[in-house]
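Participant: Listed below, chain by chain, are the residues.
6 protein chains.
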Amino acid sequence: MNNEQCRILAVGAHPDDIEFGCGGILLAEAERGSVISLCLCSRGEAGTNGSPEEREAEARKAAKLLGAAIEFLDLGGDCRLDSSAANNLAVARTIRKERADVLLSPTAVRNQHPDHIVVSQLCRHAARLARYGGLGELNEQSAHTIKHHFEYAITPEAEPPNDRVSLRIDIGAKFERWVELMECHQTQLRTRRYVDLQTARARSLGLEAGVEYAQVLFPTADFLIANLDDLPLSVRLF
Amino acid sequence: MNNEQCRILAVGAHPDDIEFGCGGILLAEAERGSVISLCLCSRGEAGTNGSPEEREAEARKAAKLLGAAIEFLDLGGDCRLDSSAANNLAVARTIRKERADVLLSPTAVRNQHPDHIVVSQLCRHAARLARYGGLGELNEQSAHTIKHHFEYAITPEAEPPNDRVSLRIDIGAKFERWVELMECHQTQLRTRRYVDLQTARARSLGLEAGVEYAQVLFPTADFLIANLDDLPLSVRLF
Amino acid sequence: MNNEQCRILAVGAHPDDIEFGCGGILLAEAERGSVISLCLCSRGEAGTNGSPEEREAEARKAAKLLGAAIEFLDLGGDCRLDSSAANNLAVARTIRKERADVLLSPTAVRNQHPDHIVVSQLCRHAARLARYGGLGELNEQSAHTIKHHFEYAITPEAEPPNDRVSLRIDIGAKFERWVELMECHQTQLRTRRYVDLQTARARSLGLEAGVEYAQVLFPTADFLIANLDDLPLSVRLF
Amino acid sequence: MNNEQCRILAVGAHPDDIEFGCGGILLAEAERGSVISLCLCSRGEAGTNGSPEEREAEARKAAKLLGAAIEFLDLGGDCRLDSSAANNLAVARTIRKERADVLLSPTAVRNQHPDHIVVSQLCRHAARLARYGGLGELNEQSAHTIKHHFEYAITPEAEPPNDRVSLRIDIGAKFERWVELMECHQTQLRTRRYVDLQTARARSLGLEAGVEYAQVLFPTADFLIANLDDLPLSVRLF
Amino acid sequence: MNNEQCRILAVGAHPDDIEFGCGGILLAEAERGSVISLCLCSRGEAGTNGSPEEREAEARKAAKLLGAAIEFLDLGGDCRLDSSAANNLAVARTIRKERADVLLSPTAVRNQHPDHIVVSQLCRHAARLARYGGLGELNEQSAHTIKHHFEYAITPEAEPPNDRVSLRIDIGAKFERWVELMECHQTQLRTRRYVDLQTARARSLGLEAGVEYAQVLFPTADFLIANLDDLPLSVRLF
Amino acid sequence: MNNEQCRILAVGAHPDDIEFGCGGILLAEAERGSVISLCLCSRGEAGTNGSPEEREAEARKAAKLLGAAIEFLDLGGDCRLDSSAANNLAVARTIRKERADVLLSPTAVRNQHPDHIVVSQLCRHAARLARYGGLGELNEQSAHTIKHHFEYAITPEAEPPNDRVSLRIDIGAKFERWVELMECHQTQLRTRRYVDLQTARARSLGLEAGVEYAQVLFPTADFLIANLDDLPLSVRLF
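First to last, the protein sequences are chains A, B, C, D, E and F.
93 is the number that our numbering gives to position 93 of the first sequence; each next residue is one higher, with no gaps.
107 is the number that our numbering gives to position 107 of the second sequence; each next residue is one higher, with no gaps.
72 is the number that our numbering gives to position 72 of the third sequence; each next residue is one higher, with no gaps.
233 is the number that our numbering gives to position 233 of the fourth sequence; each next residue is one higher, with no gaps.
46 is the number that our numbering gives to position 46 of the fifth sequence; each next residue is one higher, with no gaps.
20 is the number that our numbering gives to position 20 of the sixth sequence; each next residue is one higher, with no gaps.
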């Protein structure tokens, strides 16, 4: 990517998905000056714990810690998201508005919350639609082409099969702030040990790569390089 | 990788595998100053066309064009390669001797010449063995850890399933010299149109990525990055 | 298949999908006397280049070159296609109307335009629905059972993993006319080099199989044979 | 294939593999005049029931029923087969000697007897080696290129994943003779109900395809066709 | 599971899916005292044979033989089922109402009736939604967490790839009653030999496992155990 | 399994594989009275740290903590293991001698130490060979059939794709003793943080399943059950 400020759009289905799935990465990006926007496709209305108002407040608090803008899309609400062309277009509108260089969205691995899978599909498709010139309802904003689309896994089960190449991002320097970020979602921590789960996962992913903690992103496209010099480090420790 | 000269070791089963599968990439690397070594695990003794002497001469001519060192390992000869611990160690010895930063080897996709699959496995395993300190028979050279291991596909059929992320290397600027490199293997071009096949493949791989010609490498390990800024371009054209 | 004229229905999401993905095959089929119908699920309304009217005109021009009938289904328009039961039924109606022996539709490989994936699913399902007797809204036409359903890949990325058996169709004798067919879609060639991409792909697919140019179809069902004599040639060249 | 007599070489690891896995197919081929050769890579020396002499006699009896030639390769004996270059060459020698048009061998699905997997690999590789001109130890016979290579599954568990296209061969007319063929292997039927298992499998495979009984072959290569007319029936019943 | 009576909810798309896909298992469960409920997502309105009234009557007759409750969900009718959030919620309501311990639903393998795939997805998602406390429209019933979710395959083609671990359930003692159960669906047996197909499949699945007849279920989640003693028998016969 | 004492044979390539990959499980099994034997296929001769004597001593110390018997097979030594019929037989001899009910061996996932893959294959095959009556060189011991074969993953990368059903074993009550067990391998902990890696992994695997720590086994065969009551708990938490 060029040397300008990188614009990152992270999309989640529920108010806590982004922080759990790639919060440490966003903290690292924020520090190096990337402009970060969060887009949430529900207010977590279906959760056993926390009212939609509480959950929105928790997400806004986390966004503030991140120094990120935040938007809530109304696509019908938690557990009511459909993988439809209309929703593809709604997400494409956000991509255009944010002029995102990098799009982060959940993986589509099937054994997870249906909303995660739907949002994964919406983002994958929206990234294409955002660049087509003939979509009248999107024309408030000019067409826009993202540079990268990576997927994050909200839970360990949502990680794609391990024969796919992934990107480990060293979040060791941001670990405490990432825990703080996750702990913004107090209502969700009442009955599930999400923070423990995510930190154990990040510990395992990091130690495999020779660092203290790492989060992981999954590329959705090939890379084009001019020389092997353009490549980051390979993880070849164990 | 650091800014020092990059040392690349490309391993092939037969005298023409490397030029067909990743010759354009090596030309690009040679130009930017990488030190290149070729290691061939046979002299193509089993081929219908070309004596082993002719084929060795063709390979040496190609190596010269590349400015590369060349070594022939005797592992029993063409069509007689076995995936054995002894052969793993023989390749590991070469890796140590060359102090390779980058190892390039064939893919292990099953529908191809058995020697290609064997050499793929030998290289995958040798890259580990090269770094272990307790292997007496390798001790002429100190243990060595490579930085990257990528696989190249000798034919289109040898490319792994296309849901795996690959690296496209722009070889447009080297296209004519790559053809010249492949044409060193005159004996093999008598009955098979390899050059046509490879250039059509490189054209298709390149146009998909928005360049004139590309060859492709398949990573064997995850990447570790500090920031998304560390990443090369994504191929997102069609 | 029996010796009667074969009826082929090719379905595409956008006005150029069919010509790019299987145009050469249709030219070969037309020559041997097959009756060909094209069914397009949009007018390409979302494209950056070309108005819907221009794109419809381009598709009609290509159909004329093919000697094929052409139908435009209104399923909401380009980028607005949904994988729904209602749309399954709409495609089933076309299958019944055309009394198709062979159905050709896009693959469902996930890394492509969402409309391609949707049309793939619609066709797969419609082929079943067309044969059920109890669907009132389809009863203008009697139930109909197709004989074959094959998928074509609109781009190289849309080809399924290469461990699946595919059918290569020799289109060498039709190459120039196929280029002419693709060039009907002038508006789409302004910013993307589709013709170059498709011809490079067909060249690579053909040379692998020992012919000049080939396109490829992917079966969706097993074959039933009485003897091994019933089988076409295997591609066993490299 | 051309109209001449078809030469089929079926290879098995143990004396009963071929009859169980593709015996009905061979009966149908024999009837239409194909020349059939069986090649067994052991005498079943490791079996709990039946001496090697008894098992060889059973295999010879079955070959006689089939009107097939039979050869026993000595590759070390039952449970002692290795996937080695030397064994690849031994099978290649048989392929050359038999001038096989069609090669039938076991699948390589991993959850089966190790000898089945080894013989699968030997055959896959031998089919290539048979055609290379430079292999001195094979030169008693001139190089030979097979036309087709299909795999058969010795047990239901040995069938590859069902998203791969397979060939169902109608063996209804040969059912009783197939049972007779399998029953030649009396020593093996003492403790395992192989005949029941195979007939239930053939019944299920057949009824799915609309016939009484079928066996199944798995292609190892793409098919090249000139027209869709060249294709056998698709199985599209349920 | 605890020692209390087990509550099983089997969901099907059409009136005969459950009996064909897991009827023998339900008979075995009924005998040991499990409480069984059937939920059908259509009345088979699209079938060539049988009116919706006849088909409902057939299903009720089968339910009576099973001693099972039966419910018909109206989700738009046969061939009109959509994979939507609204339908997920409808199935979740049934799961809550039935307080199911075990949920049985069709597999999502893609080469089958579209309704089977849709119902598979609805059940997978509904099992999650049933346990969330914040879904207003489900609040007539309190949130409910199932203990197990298994998938059954309606046809042999609907079985997932055979490298996935499955559960074989011995239905030998229930075989005749299972045939009787399937034969309740007389309208469907006029043109397709479903009973023959299913019994041949159950025979093959059973003999592989050393019993006379078996049906198969596919787990959707990992198992948690305290000791290896907690595990059922492994199938290790052939 | 029956109520008698369960006999468990765990096989590893190197002296520390078993403790790292399934040590916690073995501790739980030892406590409930299972008889445990360890079989190591090398003395870790190739390691950078620790002499073979030191490593053997570490393994014996760990075996003592486990109350397990321990055997070292000489198959050529660390990094020199081959997947051969002869080695299959050597492992089969150990299975017979130990009269194992349960066999535990490494997974065969390809991105790991070559010895791990070889030992995985040896064990898979040996489990079959152990039960065949006709293998003369094994006849010191009568033929023996194991009841279960499960695979353990030595590193996180060695876990098979997560769409396979796995068994999570709760090792929370054994956590401290497991750490102690791993710490027997002091020479290996000098340069790699294996204990940290394994405990982070067990923490993640456990929290996903609702317990403090878990290790995981991968079944190699289907299960046969009479009733759904025979099944352990499903992991359905997140």
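Derived by calculation from the structure, the hints in this document are not laboratory data.
It should be emphasised that the depicted structure is a prediction, and the values quoted were computed from it without experimental measurement.
Any given hint could turn out to be false.
As the list claims (entries may be wrong) - With the C-beta cut set under 7 angstroms, the calculated list includes, among others, these residues of chain E facing chain A:
1) GLY67
2) ALA68
3) SER84
4) ALA85
5) TYR132
6) LEU135
7) ASN139
8) VAL179
Claimed, not checked - Dumping the calculated BS3-like pairs for lysine-lysine here, alpha-carbon to alpha-carbon at most 30 angstroms:
9) E:LYS147 <-> F:LYS147
10) F:LYS97 <-> F:LYS64
11) B:LYS147 <-> B:LYS97
12) B:LYS61 <-> B:LYS97
13) D:LYS61 <-> D:LYS147
14) A:LYS64 <-> A:LYS147
15) B:LYS64 <-> B:LYS97
16) D:LYS147 <-> C:LYS147
17) B:LYS147 <-> A:LYS147
Virtual Cβ for every residue (Gly too), placed ideally from N, Cα, C.
Participant: Each hint: holds or not?
Facilitator: Here is what the structure says about each hint:
1. GLY67: violated (33 angstroms)
2. ALA68: violated (28 angstroms)
3. SER84: Result: holds, 5 angstroms to nearest chain A Cβ.
4. ALA85: OK, holds: ALA85 (chain E) within 7 angstroms of chain A, min 4 angstroms.
5. TYR132: With a closest approach of 5 angstroms, the TYR132 (chain E) hint holds.
6. LEU135: holds (5 angstroms)
7. ASN139: The hint is violated - ASN139 (chain E) has no Cβ within 7 angstroms of chain A, the shortest such distance being about 11 angstroms.
8. VAL179: violated (34 angstroms)
9. E:LYS147 <-> F:LYS147: holds (27 angstroms)
10. F:LYS97 <-> F:LYS64: holds (20 angstroms)
11. B:LYS147 <-> B:LYS97: holds (15 angstroms)
12. B:LYS61 <-> B:LYS97: holds (23 angstroms)
13. D:LYS61 <-> D:LYS147: Since the Cα atoms of LYS61 (chain D) and LYS147 (chain D) sit roughly 29 angstroms apart, the hinted pair holds (cutoff 30 angstroms).
14. A:LYS64 <-> A:LYS147: holds (26 angstroms)
15. B:LYS64 <-> B:LYS97: With Cα atoms ~20 angstroms apart, LYS64 (chain B) and LYS97 (chain B) stay inside 30 angstroms; holds.
16. D:LYS147 <-> C:LYS147: The hint holds at about 27 angstroms.
17. B:LYS147 <-> A:LYS147: holds (27 angstroms)
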